[in-house]
Every structure is written in C-alpha cells, then in structure tokens.
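Starting from two chains that each stand alone, build the complex the way the hints lay out.
Chains as they are written, first to last, in this note's numbering: chain A, 2 to 644; chain B, 7 to 478.
There's no promise every hint is true.
[Said to hold, decoys possible] DSS-like, lysine-lysine: derived pairs with alpha carbons at most 30 Å apart: (1) A:Lys584 to B:Lys155; (2) A:Lys31 to A:Lys378; (3) A:Lys584 to B:Lys430; (4) A:Lys27 to B:Lys364; (5) A:Lys287 to A:Lys163; (6) B:Lys430 to A:Lys27.
[Unchecked claim] Simulated restraints on C-beta separations: (7) B:Pro433 to A:Lys27: 37 to 47 Å; (8) A:Thr572 to B:Gly370: 23 to 33 Å; (9) B:Asp471 to A:Thr66: 10 to 20 Å; (10) A:Asn28 to B:Val22: 40 to 50 Å.
Read the hints as simulated data drawn from the structure, not as lab findings.
Keep in mind it's a predicted model, so treat the numbers as computed, not measured.
Beta carbons: idealized from backbone N, C-alpha and C, even for Gly.
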Amino acid sequence: MSIEQLVPLILALPLIGGVINGIFGKNLPKQIVGSLATIAMFASFGIALLVFSQLHEAKTINLFTVLHLENITLNARLLVDNLSIWMVLIITGVGSLIHLFSMGYMSHDEGYYKFFTYLNLFVFAMLILVLGSNYFMLFFGWEGVGICSYLLIGFHYSDAEKGMLNGLAARKAFIMNRIGDLGMLIGLFLLLAQFGTLEYTELADKIIIDQVPVTTWMMFGITLCLFIGATGKSAQIPLFTWLPDAMAGPTPVSALIHAATMVTAGIFLVVRSNFLFEHPGAEMTKDIMLYIGLATSLVAAFIALRQNDIKKVLAYSTVSQLGLLFVSLGMGAYTAAMFHVTTHAFFKALLFLGSGSVIHAMSDEQDIRMMGGLKSKIPVTHITFLIGTLAISGFPLMSGFYSKDEIIGHAFEHSTLIYVLLMISAMLTAIYMLRMYFVVFHGSFRGTKDQEHHLHESPPSMTLPLIVLAVLSIFGGILNLPGIFLKNGTHWLSHHLAHNTRGLDLIQHSEMSANTILGLMAVAVAAFLLVLIITYRVYVVRPQLPVNDEQLRGWELTSANKLYFDEIYNTLFVRPIEWMSVKGHQVFELVILNGIISGSTKTIEYSGELVKKWQTGKTDWYILWMVFGIVGLVVYYLLTVNI
Amino acid sequence: MELLIIPCLFALIALVVPSNFMRQYALIGGAVSLILSVVAMVSFDVTGFKTIFDPHMVTSFGLTFKMGYDGMSLFMVVLTNLITFIILLSNYNRTLATNKSFTALVFLMQAALVGVFTAFDGLMFYIFWEITLIPVFLIALWFGSSERKKALMKFFIYTFVGSLAMLASLMAIKASAATFAHEDLVAVTLTAKAAYWIFAGFFLAFAIKIPLFPFHTWQPDTYTASPMAGTMLLSALMLKMALYGMIRWLVPLAPEALPDMTKIVVVLGIIGVVYAGVLAIKQSDIKRLFAFASISHVGLIAAGAILISHDNWSAVFIQMANHSLVAVGLFLAADIFEQRLGTRNLNDLGGIAKQAPKFAFMFGVLALASVSVPLSSGFIGEFMLLKGVYSYNWLVGVIAGTTLIIGAVYTLRAYQLSMFGAPKASPFADLALNEWLAFLIIMVLILVFGVYPQAMIDFVGPSIDNLIQTIK
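For reference, chain B alone in the conformation it holds in the complex (with noise of 0.2 Å):
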C-alpha cells in the first residue's frame, strides 16, 4: 500500500516546500520510492500474488477495490519509479524543478500510475487510468509551449473518446459478470459477437493512448508541446500503461475475439512501424522526429503484445523497459539542444560533439541503443518481437523487420546532422552533473539488460505463466 500512499503524501507535501528545497525534495521523493519498490521486489516471490489493499467487501455495483501485484504488476511499479526518479533527475537543473504544482503533479502521475498497474479490480484500473490524464495534461496546459492548446485539445478529444469506449466495454461485460474484480471478469465466456464489441471498446482506448496507427496524429503534437518532463512521462510511461493494458486486461477478458482481431492489431501495429519510421526520416524538428520514432517502436511491442505466448509477451516487458529507458534518454537529449541553442531544428545544429564530448558520447550510446545493437537491451528484445510477428504471418514479419534499416535512417541522421561536421553555433555547454547522471544510470541500465535480459524474464516469466492459464 505504501507504494502507492507514499507518492500521494509526497505530491501533497510538495505544495507546502518552499522554492529553494524543491529540487532536493523531488529527488528525495522518487528515491524513497524507488528504493520501496525495490525492496518489494527483492522480498517478491515471482511466483505469488502479493495484495495490497482488499478490503473484502463488494459495493452494490460490483466494485471490489482490489489491489495487488504480480510478478508483471511489479515489474511496472519499479519501471514506474525508476523512470520518475530518472525524470526527476533530468529535470533537476530545469526551472520547472523549483516549481510546487509541478512536483506535485509528477508525484501524482507516480501514483496513479502504479494504481493502474497494481489494479486487479475493472473499475479501479479505470479510475486510476483516468487519474493519470490530469497531471500530464496540467503539466502540458501549465508549462508547455505556446503551440499547446491546439494540440491537448486534440489530445483531449481522443483520449475522451477513448475513455468511453473503454468505460462502455467494461459495463458491458460486468453485465455477465459477479463483481468487477479481474479474475471475476476473466471468467466470463463471452459470445463471439459481444467480444468484439468489448475488445473494440478497451482496444480503441488502448491503440488512443499507445498510439496505434491511424490513432496517433495527437501524439507528435501533444509530445512537442509538453515540456520536457511531460513528454517523458507521456512516452517513457502513459503509453505504457495501454500495453500493460493489453496484456493484463485486453487479451484476457475478450479472448474470444482474438481469432479475428489479432489481425487487426499486428496489421495496424506494423503499419505504424513503417509509417511512422519513413515520416521520421525527414523530420527537422528532433523532438517531433524522436515523437515519430516512439510510434514506430511502440507498434512492433503491441503487435507482440497481442500475439499470446509465454515468449512473445516476456519479449513485450523486455522491450517496454528498454522503450523507457531509450525513450528518457532521447528526449533529454532533445531538450539539452532547445535548453543550450533555443532551436530544436537539425538544419540549426551541427559540430555538437566537438563542443560537447560527454553530451556526444552519451547521446551516441542512446542513439546506438536506440537502433538496437548489441549489448544493449534493444537487441534481444527487438530479435524477440520481429520473431513473434514474424512466426505469426512471414510477410508480416519481414514488413516489420524493415524497421532495423529504417530505425537505422533516421536516429543516425539525426546524430550526425546534430553532432557532426563543423559547431554552427557556440558555445555549447557539456552534460551538466545531473544530466551526465541520468544518462550513466539509462546506460548502465540498457547494457546490463542488453547482456543477461534473463533477469527480466526470470521476473516477469512465471506471472506470465499464470494469466495465460486463466486465459485458457
């Protein structure tokens, strides 16, 4: 409970923080629960269920208010910490650091996020999913730039319409069911006809916040508009909810529309990894191309995501981490060019690894990482994904495969039209001590899973045993 609780005290105390302590203190807060979760996983039997809040009472409408982990469950709560700890940490030499709304907000997107992962109760897991949308949104409204308007009242519309689909769906199949806790809601046999619309209505949430080709025309708004801080949490950690969503709630309750709506997801989630890469190429503005990027990577995982197996899904939580953690890295990265030169556009860069070699060489590592080589965590969780899709349709798969060339394409141009050649502008400050830290532990993290991902498996693998059972 305290991993959740904690958040939610540090996102109130924020507010009374005076100016000039806030950095220090958001740092301590996402320490505090980054070193909570982790002492929850060391004590986690990978095997168990663990519950953290279950009063044992069922309201008139079925709601439960079950809470708890497994082993999946709390592999996202510590992907949650530590990429807020990561965020936190990136932001420190940031105006916004000093701000108390600010704090707050991301303290609570910390909360209502290992809310998601950690309900196992339809109703919660929307409340929760629905919670997350303020703080991001806020974060964009408050601090973004001036194009921000136009683009959270496009991001508003869809994730509206989203919400409701989803909303819809679960009425629609608690109607058959006791209460609205999980497993009550996976064992409902369904008819073929009202699957589909169920798995339509989560699915259409899902693909919104993910975002699933042709959903995803927010996005390379929404994620330019945000300040850095809120682009991290939208790509290193909202869209990561819809996939967990996928796996934990999509897959299971309508099983009986996979026959037919596997399909649909692959074909979509391919589609994206090639349009979305080929949009990449020619982008100028990095932060917009970087936005591009995530659509293409994110569609290769939720294809995996819905293709159901103990290998394809341990590949889905391999490459959510690895998304995460690149997906941090890249858009600091994009936002030290706007901090130092006030432009993010690649024609106004350039001879940025002569002045700035600690930034070049940790830009490099995540732009390396990002095409997935080896010893990074990238490699084995792409090879992983493009076999799964590959084993579910050949040509699918070779389509998909095209992302390693044109993943290629575009992260080395935009590296090399930034850091190569002759400096067009000076100077150009190298990695503050926060920034550089950032980057080390994103680093160190990717090579460690690049090389033994099997500490990732051994996490998750067991727990993913279990609700392929239910399924079945």
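Chain A on its own, in the form it takes in the complex (with noise of 0.2 Å):
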C-alpha cells in the first residue's frame, strides 16, 4: 500500500479502537477491551514504521473539505513529512507501551472500558494535531486533547473522598489551558487576515520564497500568540500550575499525556512553525520564549525540591524540561529541542509508568515518606526506576546526558548566563530525581504493616514496558550523536528532521569544536557526580528523610508550598471574578437592571382594573385576548385607514 493509504489507517486504528470500546466495551470482558485498544495501537505504531521507512518526499494527504466559505477553506488534510511522522512514532510507540501498561495496572477499575476508550480517543487527536497539514487541524487536535486530558485527569470521578478534587484538577486543566487556546486562536485570526490561509506550505511558500512583506509587529504578534497557546498546553509561566494537579489522572495517563505526548504539543507547534518564528519579526517573541522557559525551568525544579508526592515530583520534573525546551526553541535550536522531546519521552515515561508500578505495589501509597527499602522488594522496578533517574539526571553516555547536554552546548554558544543557569536547573534536577530515588528505594521501609504485606513486583504486562522504555532510555542518545564520537552520520535525527521539514532545512547550525564539546560534556558529568555524592550522602549514608510541611522553614517551606502560585492565582483572579459574578447578579443585574423595568411593571400595575385582574388569577383569558387584540388591531387599523 502507498503512504496515502497507509496514513490514514494510523489514525483510524485508535479512532475505530476507541469507537467500539466505547459503544460495546461495557458488555465485553476486560481482557477484550484491553487488547483491542492496545493492538490498535501496536497496529497504528506497526504502520507508522512502515511510512517511516517509505517516506522520502513530503507528502500532503486530502481528506476532505471541512469549510469551504468565501474568504476562508478549512481542509482536513494531512501532511506527511519527516516531522511528523517522528511524532507518530513516538505518540503510538510510548502509546503502545502504556496501552499495554494500563492493561495490567487498571485491571481493578470499574471504569475499564471507558479508560481505554479515552485513552485511544487521546491518541487519535493527538495525531491529527501533529499529521494535520495546516493550523486548524493543529487547533482540532489541540482542543481534542485537551478535552481527553479533561476526562483523564478527572477519570475517578465517583469517588467519594477526591471525587470533586479530581474533578477541579481536571477543570483547572481544562481552563488553563483554554486561556491559551485563546491567545492560539488570535494567532489563527492573524495568520488569516495576514496571510488568508492556514496551511503551513502556503504560508512557508509566502514567507520564504515570495517574501511577502508583513511588519515587525504583525510577526511578532503572530508569533506570541502561538507561544501563548503553547504556554497552557506545554504547562509554562504562567499558566503551568495545572499540570501538577493533572496528577490526580491515573498514573499512565500522567506517562501518556502529562509527560510523553501532551504536553510536547507545545513544542511541536513552534517547530512545525519555525518559518514564523524564524523570520526577523519574530525575534522578540523567540526572547520571550527563551527567558519564559529558562525561568520555568528553574521555577519548577526549585518547587520539586520538597515535593513529597512522588508524582508530583515527576510532574514539576516535566514542566522543568518543558522549559527547557523552550529555551532551546528560543535560541532556535530546534532539532535540538526534538531531540530532547524524544529522550524526554522514554525517560519521562518510564519514570512516570515505574512510579504507577511502585504506587501499584504499595496500594496506592504516592507519599515518598511512607517508603523506603523498595530496591529488593520490587527489583525490575528499582532498576528501570534507576535508569530513567540516571537518564533524566544527566548520567553520562545515557539519552538525556546526550539531549541536553546538546542543549546546554547550543546556550554556550548563546550566552554565558543562560548556560550557568540551565547548568543550575540540571543539577537541581539531579538533586530532586537522585533525592525521590534514593528516599524510595534506599532505606528501611516507612509504610504500614497492611501496605509492607501486599509488596509485590507488577505483572509482566507492566514491567515488559518498562523494560522496553529503560533500553530505549539508556540508547536513546544515538539516534543524535555529537561529531566527536562518530565520522559520519552525526546528527543523524537533525538531519532527518530537517531532510523534507519545511524551514527546518534551511537552519544552519556551525558545528561546535571537538574540545568545547568534551569541555562541556566534562563539566556536566562533574557536577553530575557532585550531586551524587552529596545526595548520597544525605538521602543514604546518614539518611535525613523528609520532614512534614509544617516543620519546614525559609526556602524549604516555600519550595513545599509551590512558591504560592496556586494562593496569589486565587487572590488575583479566581476571587474576583467570582465576587463580580455574585455581586454583578445581586447588584447591577437585580436591582439596577430589573428597577428599570420593575418600575414600569409597577406604573402599570397601580393603574386600576388590569391589576385587580391580574391578582385574581384569573388572568390566563385575559392575556389571551389582550395578545390576540394586538394582531387584532393592527389588522382593523390596516383595513381602514389606507397608508
């Protein structure tokens, strides 16, 4: 079969998945629904291999015509090009691993059916947004995420303890990141006056070949509205307080949608759109980005500090990274930034699916105090657990020493200040991930008799994706070796990326010296080390555990506190708005708006037999007739007087 048939099929599989989950999946057993959902995606994955293997040429697929007005067409329409297809890969791939996880870790819940359903449903508009050939498919996407985010995030709904929490996380989420999509869709609005299309050939042709003159401040505009939209879906200042709170989801739902995919949405749509941001308007905007970023990076990596919760650690982890990523968008680096959204995407996952299976083995426990000693308790665990915390970390010749360190090295070359700070976010990061991972697996056990009796290793439907994800996150870093370990094929994801990727082909990056590049690859393993010696230190040899929040003090107290983020947000803008809600009913709609007419209602009322009528209630006739002689009248009046 051709690309154009197969293409497609990637995106029909989760959707047909999901459809007969949906409709059927209630009356089917489990095993059932499980399967059909994860060899779905196993399938979609399968396929996207294939086109991967095929493509050569940027291909567009058309579907069909969504709207077609007089100023405006909106097609769904797919374009297949390297870009894209790199993200279909890692969407079904880490898709398929978490699918086949979720079997085995949701094997207790009421909602199965439903999750998987979701689930698929996530994975099918995830992949319109990134294979849609222009920004109304992105937005489709966009949105389609977002509201399965919101069913994921608030999945046990019923429950009668967290229930409402549950749910306000997933509203949160949800509003969050519709102030984004506003600014996004401003930025649409922009693109069409500006441009009158939407789709990203058309406007790389305008911007690259034509040159089609736009002002500084148009582009700039554009540029920030796009970056406001990645703002909420990429969980960056100000609008990341929502993701820490997605955590209330099922734990895979945290790997799938809140580390590996999701939230990289962001990220995909700065690089999809690189022609706009790389043109001279925008340079503001990549500023803007790089200095958002870089304080998120540090802002949520102090915050994980004191994070007791060990998905919430993993949560402000990601927003971390997320920045990050936003850094090295902002310096254009955005080869490097796919690069680390790859690594970050098995790392993170297997972080997040080896805390589900640590949860899974504690009954539920996510407090890092109640644990302690796992290491011989739950060993396939403990090691793919320590693999993802070395990769993260920044271990040396792992995936993300490689990912970032290509970042770091393109700050270098930026600035000294931004390479000092993100080399201040890395070892924070080392500090929080080696810090959760030696409290949890070293040690002696913290947690109740109950919970140290059901200690058990996770069935083999979830340790084999952690296995897989731990290989994946140990030699991720091939896939984009620097020039000092190879002759040829360095790079070799950049230039993929940038083989048949609109703009990106036209991105020049000067290739670093041999010696900056060990010089900096030195530096980052010794402050790798040195993190690792102090948090041994602390966390192993003379363990000083974590202490509750009510002991803390100074830096430490407001690092638990999230920095209050959550308290000024509330004080600025929810209670406002909620007191002009209350007070805008009580006062100006009830008794300013309503005087006005109650006022007339009253004259009327006071002048004689219509009120004595009406307070008898024996009105209903009276009504009647009084609507029937209005149309009377007019009639009589027409049939007389002659106009």
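And the structure:
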C-alpha cells in the first residue's frame, strides 16, 4: 500500500478502537477491551514504522473539505514529513507501551472500558494534531487532546472522598488550557488576516519564497499568540499550575498525556511554525520564549526539591524539562529540542510508569515518606526506575546526557548567563531526582504493616513496558550523536528531520569544536557526580528523611508550598471573578437593570382594573385576548386606514 | 403550504383526541411535519425559491400574503420541525404530555414558527411573529411554576414594547414602498435618518426576543418559570426568529443604517457574551445558569448576524442549529434533575454520575458540546463567528473570545457539581427510553454537523448570496 493509504490508517485504528470500546466495551470482558485498544495502538505503530521507512519526500493527503466559504477554506488534510512521522512514532510507540502497561495497572478499575476508550481517543486527537497540514487541524487536535486530558484527569470522579477534587483538577487543567487556546485562536485569526491561509506549506511559501512583506509587529503578534497557546498546553509560566494538579489522573495517563506526548504539543507547534519564528520580526518572541522557558525550568525545579508526592516530583520535573525545551526553541535550536522531546518521552514515560508500578506495589500510596527500601522488594521496577533517574539526571552516555548537553551546548554559544542558569537547573534536576530515588528505594521501609504485607512486583504486562523504555532511555542518545564520537552519520536525527521538513532545512548550526564539546561534557559529568555524592551522603549514608511541611522553614517551606502560585492566582483572578459574578447578579442585574423594568411594571399594575384581574389569578384569558387584541387591532387599523 | 397547515390541523385535532392516546398522537404529529419538511428539503433546489402561497393580489393597504421559502427559510423550517419533534419526545414521559391544550399549543407554536420563517411579506411576518407569543405565553401561564405570574408580566411588557416598535418601523418603511412584499420593502432606499428609526424599531423587537444585553432581564425569570417544553420552545426556537429576522428583515430593509448601527449591535452582543457568562458562573439554580449561558451564546450569534457577509451569515446558521440542539439538551438535563429530585439547586445535587451513568454520559456530551469542543457542531460555528467579530474589530474579537474560557468555567462547574463526588440524594433513576432517544438524536446531529458542517453551508449558502446581492 502507498503512503497515502497507510497514513489515514494510522489515524483510523485508534479511532476505531475507541469507538468500538466506547459503544460495546461495557459488555465485553476486560481482556478483550484492553487487548483491542492495545492492538490498535501497536498496529498503528507498525504502520507508522512502515511509513517512516518509505518516506522520502513530504506528502500531503487530502481527506475532505470541512468548510468552504468565501474567504476561508478549512481542509481536513494531512502533511506527512519527517517531523510529523517522527512525532507519530513517539506517540504510537510510547502510547503502545503505556496501553500495555494500563492493561495491568487498571485491571481492578470499574471504568476499565471507559479508560481505554478515552486513551485511544486521546491518541487519535494527538495524531490529528501532529499530522494535520494546517493550523486548523492542529487546533482541532489541540482542543481534542484537551478534552481527553480533562476526562482522564477527572477519571475517578465518582470517588466519594476525592471525586470532587479530581474534578477540580481536571477543570483547572481545562480552563488554563483554554486561556492559552484563546491566545492561539487569535494567532490563527492574525494568520488568516495577514496571509489568508492556514496551510503550513502555503504559509511557508509566502514567507520564505515570496517574502510577502509583513510588519515586525504583525509577526511579533502572530508568534506571540502561538506561543501563548503553547504556554497553556506545555505548562509554562504563567499557565503551568495545572500540570502538577493533573496528577490526580491515573498514572498511565500522567505518563502518556502529561509527560510524553500532549505537553510537548507546544514544542511541536513552534518547531512546525519555524518559518514564522525564524522571520526577523519574531526575534522578540523568541527572546520571550527563551526567558519564560528559563524561568519555568528553574522555578519548577526549585519546587520539585521539597515535594513528597512521587508523582508531583515527576510533574514539576516535566514542567522544568519543558522549560528547557523552550529555551532551546528560543535559541532557534529546533532539532535539538526535538531530540530532547524524544529522549524525554522515553525516560519520563519510564519514570511515570515506574512510579505507577511503585504506587501499585504500595497499595495506592504516593507519599515517598511512607516508602523506603523498596529496591529488593520490586527489583525490576527498581532497576528501570534507576535507569530513568540516571537518564534524566544526565548520567554520562545515557540518552538524557546527550540531548540535554546539546541544548546546553547551544546555550553556551548563546550566552554564558543562560548556560550557567541551565546548568543550575540541570543540577537541581539531578538533586530532586536522586533524592526521590534514594528515599523511595533505599533505607528501610516506613509504610504500614498492611502495605508491607502487600508489597509485590508488578505483572509482566507492566514490567515489560518498563524494560523496553529503560533500554530506549539508555541508548536513545545514539539518535543524535555529536561529531566527536563518529566520523559519519553525526546528528542523524537533526539531519533526518531537516531533510524534508519545511523551514528546518534552512537553519544552519555551526558544529562546535570537539574540544568545546568535550569540555562541556566534562563540566556536566563533574556536576552530576558532585550532586550524586552529596545526595548519596544526605539520603543514604546518614539519611535525613523528608519531614512534614509544618516543620519546614525558609526556602524549604517556599518550595513545599509551590512558591504560592495557587494562592496568588486565587487572590488575583479566581476570587475577583467570583465576586463579580455574585455582585453582578445581586446588584447590577437584580437591582439596577430590573429596577428600570419593574418600575414600569408597577406603573401599569397601579393603573387600575388590570391589577385586580391580575391578582385574582383569572387572567389567563385576559392575556390571551390581549395578544389577540394586538393582532386584531393591527389588522383592523390596516383595513381601515389606507396609508 | 402543507408545512403550515399540517401543524394547524394537528393542533385542532389535539383538542378531541382522548388523553390516553395524546402522547403517541403528539409524537406522530411531530414526525409527520418533520418528514414533510425533510422531503421538501431533499427535493429543493438550493439556489431557487419555492412559493407556497401567493394569491397574486394586493389589498388596499399593501398586504400581499406572499409566503415561500429559499434555502435559509427551509433550513429554519426543518430546524423548527426537528426541534419540535425532539421537544415532544423529551416531554413524552412528563405529565404534561397527556394534556390536550398543551399539545395543541405546541403544534400551534410550530405552525406559527413555520409562518414566521416562510413569510415574505412584512405584515405576514409580523402577524406570525405575534401569534408565536400566544402558545409560549399560555404554556408558561397554565403549566408554569408558582413564580410565573410576575415573570410573565415582565416578559409581556418587554415583548409588547418590542412588537409595537417593530410595527411602527414596518409602517414607516411601507410608506415609501408599493406593498409589504419582501422585495418591495428591500427595494426602498432610505435616508440615513429614516433608516436609523426603522432600524431601531426592528432591532428593539429582535434584541428583546434574542435577548441582547440590556434587554434580557425578562429571560432568566421566564425561562425558569416555564415548564420544560416551554423553556425549550423559547430558547431553541423562539429566539431564532429574531436572529433569522435580523438577517432576513433588519439588515436588508435598513442597510443604510448599518455603518453606524453595526457598532452598537456588535458591542451589545459581546457585552452580553461576557456579562451573562460571568453571571452564570455563580448561579446555583441550574436552569437559571443555562438561561444565562444562553444569553451569552446568542450574543455572539447576534454580533455575527449584523456583520453582513457570506462567511458570517453561514456561521450564524451553523451556530443557530447548534444552539437549538444544545439548548434543548441542556434544558432536558435541568428538568431531569427537577423531575427526579424536586430541586434544581446545584448545592443539593452531586454524585449522580454513579447513579445514572447513561444520563451522565449524555449530559457530559451536551456539556462538552456547549463549550464547543472539536467534533461538535459548535466548534466550527464558534470559530467562524469569533473570526468574523475579530475581523470587524480585533479588540472586540478578543473580548468575545473570552467566552472560550468563561463558558468552560460555568458549564463544567454545573456538570461537576451535579455529577461528581458521592451521591447526595438517592435513588436517582437513569434515563427513560424517550429521554435517551432525545439525547441520542441530539448527540448524533451535533457530531454529524461537527465533522461535516459543509452540509449546512451547501444548503443555506446560495440563498445567503442571493440575499446579499439584493442588499447591494
């Protein structure tokens, strides 16, 4: 089959899986529901691999016209190039493993079929997002993943204790995303007003080839609006506070949506729009992006230092890593960002699934203070979690080491200050990750007797995905090796993505000298080792276990309280709007606006006969006749008076 | 002509049908009209015009009786018959369903609405417009809640003022036209000053009926005081007369006033979007909450209706259909709470998702459709309308865009407070068959139009172009 036939199949399989499970899943046995969803994913991944191996030139595939009007045409059309198919591989590949993991993890859940329905539909929406050939399709998928995310964060909405809280977390996520979406929507309107199209290739032609004159302000506006959209979905300051709350969802959801795929949609958006962001007018947006990313990276890493919920640590870690990615994009290092998106998908999915396995073993306990000494109890989870921890912390020669180093290398060329700040962020990452690892897996068990009794390694359907992801986390760096290791085939992923992705082929990066690269790597390794030694001493040799928040002081208290972002937002936005809603109704609507009309009502009421009839309750026919009367009068008037 | 007469006949016969057969009779009546209009739709040439009544005579004062339909009119007729059928279906297991006068009034309403949408004579339009008032008014008065009288008084005064204003404008423009026929009234060229007054008269009538800020204060009271079917008729159909009226009558009759008036209408519409949206956030009566939500949604549609262009008007029709479907669904949901638990107060609801999963699913779909998610018909409609308003004025567009956020806040709040957490009252019966079917029809249509809105555009597009041509 040709690529034109295969690609729609990649999309169709998760959709079909979702629809079948959605309609019939309730009456099907769990194994069939889970298998169906998982097989759909693996099949989709298989086809994606096939397309990946056959794809040379970028192709567009027309599906149908959604809307054709005078000034706007919205097409359901796909664009298959190395960038989109690479994203598809990540989504379906990691997605397949997470589906497989979920079969075990969710096996006791009442809403099993619903879970797999939502998960499949999420993948469908995410694939639309990356495969669409225009911003309308992207926006469609963008909103679609938002809905699935909402449904999955609030998945346990019927829980007697936490149901409402889960719902609140889901709503917060949805609304914060919608704030970003508004920015993005305006960006699309600006694009339409300026260029009259939303198709990527047409826009790229107009900007790169025709060089259509655009004012700096216009370009700044367009790119800034798109970036605002990205801050919502990819959890950047100021719209990041939803992501840690989103951990209310089941852990595989956190792995798939809130770590590996959906939250990287903002990165994809910028990479896809590189022809806009590389326009000279977008220079200011890129700087904003860089500094927002940098600030987010540091703030989130700082908060992660004193979180005690295993998933919250990982959530802040994700926010921090996304910040790093935006720094990369702000420097124009698009392929470096894509490289880190890829490795991050591997190790962050691994860490989340690993935390899921830990939570599963610990009878749904998520507090690391209640864990400890788990390394011998759940050995597979332990080893794979360790690999994930090392990969994200930048242990030499593992995937995160290369991908992070590439971004840090760009920062070194860009500015020393940014380089130093990124190194600090990287060290903070290593600190909180190693802290968590040591506290969870080393020392002695601190949970209840019941929990200790139930401790068990997860079934193969859960450990297998961990092993696969661990292998990828170790060797993922091979995808984009820098020049010092190889003579040929360096930066394979960068070249591959640039090969047929519009705009990326025009971006030139000078290869750093071997000495610089080695020097930077040496510094990174030294920093990592320093952190390793310190954390080992603090948490293993003479363990200072995390204490309750009440006992914290100074910076630790600030970190544990998440820098008070939620409190600030509540005071600045939530409460004033609620106040407006209540007062607007009580005062403006009921007293002022209503006063005007009820004044006239009273005038009529006091004017005699009508009132008496009105108050006796026998007014039905009166009103009827009154209405008839109007019509009758009109007709009579018209019949008699000839205008 | 049968589109108009059949509902009238059903209304009359309803008075002699035995009560125990009334519910089935109502459904059959709804289905017959719906099928007739679908048949008319299938055989209709979308670029053409079909006359359904034209005696080719003019009375001494200019009445021509002209009635017929083009694509836009037929679209509204089909929508009317579809929504009427869904309303009757939703109402099937309510006690009201066996009531003779109620059933007769619903059919009367249907006939009057068809009349409004097919009238091509200004006076006919006005007369049908007034007739629609009778059924909704009586349904609320005879079958409404205890607070209805005060609410209806307000409703009546508002509507009365609006109607008189429209009548005055109609008379004024007729003074310079040969007859009341649509084409004759459109052909009149007005001075700017005259156009303002004529515009203002029509606009006041429409703004009250839609309702636009600040003419809306009758609406939440009347919606909550009416029984379910009455609220549905008001929100899903009656207000569409005004939106349709803006496109068919207001803009074509007094385009000379547009340069100055457009601003006012758009701004009022968008103030309503934000104002009613913010007020909806903290409402505890779920029906009142949806009433404010409706004001918020239609404000945007009204803004689109005044911005004359092929694209904007297409979006208006998409969004009218979407709003009708969603409004019926949401008010059905609100009534299900009231009917099962005797309360609509969100603070007394909770945990119903666990007790009534089918209801939770359908209500969830409606809630998501109401916040215009992809795959729902509102997604495209809202996208296009916002784009239209944005092209008109970027700042107003951005303010209108906040509906994306505010809408999510109040809709999800209402859904979560009622459905999530532990059950507060027990038991809660899940959907009855007729309720489930009503939701299902709504859901399928929302999905179909969400994926392929072009079907609607193909239908109304040519007649929109024709109308715009006559204006220029």
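To see whether the hints hold, each was checked on the structure:
This hinted pair checks out: Lys584 (chain A) and Lys155 (chain B) have alpha carbons roughly 26 Å apart, not beyond 30 Å. Using a Cα cut-off of 30 Å, the hinted pair Lys31 (chain A) and Lys378 (chain A) holds, with the two alpha carbons roughly 28 Å apart. Taken as a hint, the Lys584 (chain A) and Lys430 (chain B) pair is honoured in the structure, with Cα atoms around 28 Å apart against an allowance of 30 Å. At most 30 Å may separate the alpha-carbon atoms for a hinted pair to count; Lys27 (chain A) and Lys364 (chain B) meet this at roughly 12 Å.
Straight-line distance between C-alpha atoms of Lys287 (chain A) and Lys163 (chain A) comes to about 41 Å, which puts the hinted pair past the 30 Å bound. Distance restraint check for Lys430 (chain B) and Lys27 (chain A): the Cα-Cα separation of roughly 26 Å lies within the 30 Å cut-off, and the hinted pair is therefore satisfied. Take Pro433 (chain B) and Lys27 (chain A): their Cβ atoms lie about 20 Å apart, and the range 37 to 47 Å is violated. In this structure the hint that Thr572 (chain A) and Gly370 (chain B) lie 23 to 33 Å apart at CB holds, the actual value being about 32 Å.
The given range of 10 to 20 Å is respected by Asp471 (chain B) and Thr66 (chain A), whose C-beta atoms sit roughly 18 Å from each other. Separation of Asn28 (chain A) from Val22 (chain B) is about 46 Å and conforms to the stated range, judged on CB atoms against 40 to 50 Å.
Of the numbered hints listed earlier, those contradicted by the structure are 5 and 7.
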